[in-house]
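To convert, count from 1 in the sequence shown and add 1; that's this note's numbering.
Since the hints were derived computationally from the structure, they do not count as laboratory data.
A few of these clues could be false.
[Said to hold, decoys possible] Here are the simulated DSSO-like pairs of lysine-lysine, each with C-alpha atoms no more than 27 Å apart in a straight line:
#1 Lys127 to Lys31
#2 Lys127 to Lys24
#3 Lys140 to Lys24
#4 Lys127 to Lys140
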Amino acid sequence: MTEVRFYHNAQDRLEAACAITTKAVRAGHKVVVFAPDASTAQRYDNLLWTRQPLSFVPHVVTSSPLAARTPVLIARRAEELVHDDLLLNLADDLPEGYTRYAQLVEIVGTDEASRVTARERWRFYKQQSHPVQAFDLSKGNS
C-alpha cells in the first residue's frame, strides 16, 4: 500500500520539492517527479541544476535515453510514471497511477488554494486506507 507524506507550509513548493528530492536520492530512492505542465517541469529542472552548486542531483525527463540509469525522472503525463519507488506530485490533482508507488509525496504551499486541494487529496487517501503522515516545513521538518 502506498504511504503518503504531506509536507505543508512550503514557502516555495518547487524549492521544497528539490530539497525533498535531494534527501530521497541520498537515501537511495528513485524518484519520479510529476509536473502538471511544461512551465513547472522546466522551473523544477532549472532549480535542480542551480539550487546547490556543489551537490548535483542527476535528473532527466522520462523520454531521455538515460532515464533507466537516472535516479530522478521528470514526468508530465501519467503514462510516463515509469518506476515504483517514490512519486513526488507537483500537481494539485490526484496523480493517476499513484498506487503502484511505495511512497507518494505531496507538497502544500501556504496559500489557501493549495491547502484546499491538499485537504481534498488527504481525505481521499485516508478513505482509500493509505497511511498518511504530515510534516510541517515551517518547523524544519523534511
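Tested hints:
1. Lys127 to Lys31: 25 Å, holds
2. Lys127 to Lys24: Measuring from Cα to Cα gives roughly 26 Å; hence the hint holds.
3. Lys140 to Lys24: 17 Å, holds
4. Lys127 to Lys140: Distance ~24 Å between Lys127 and Lys140 Cα, so the pair holds.
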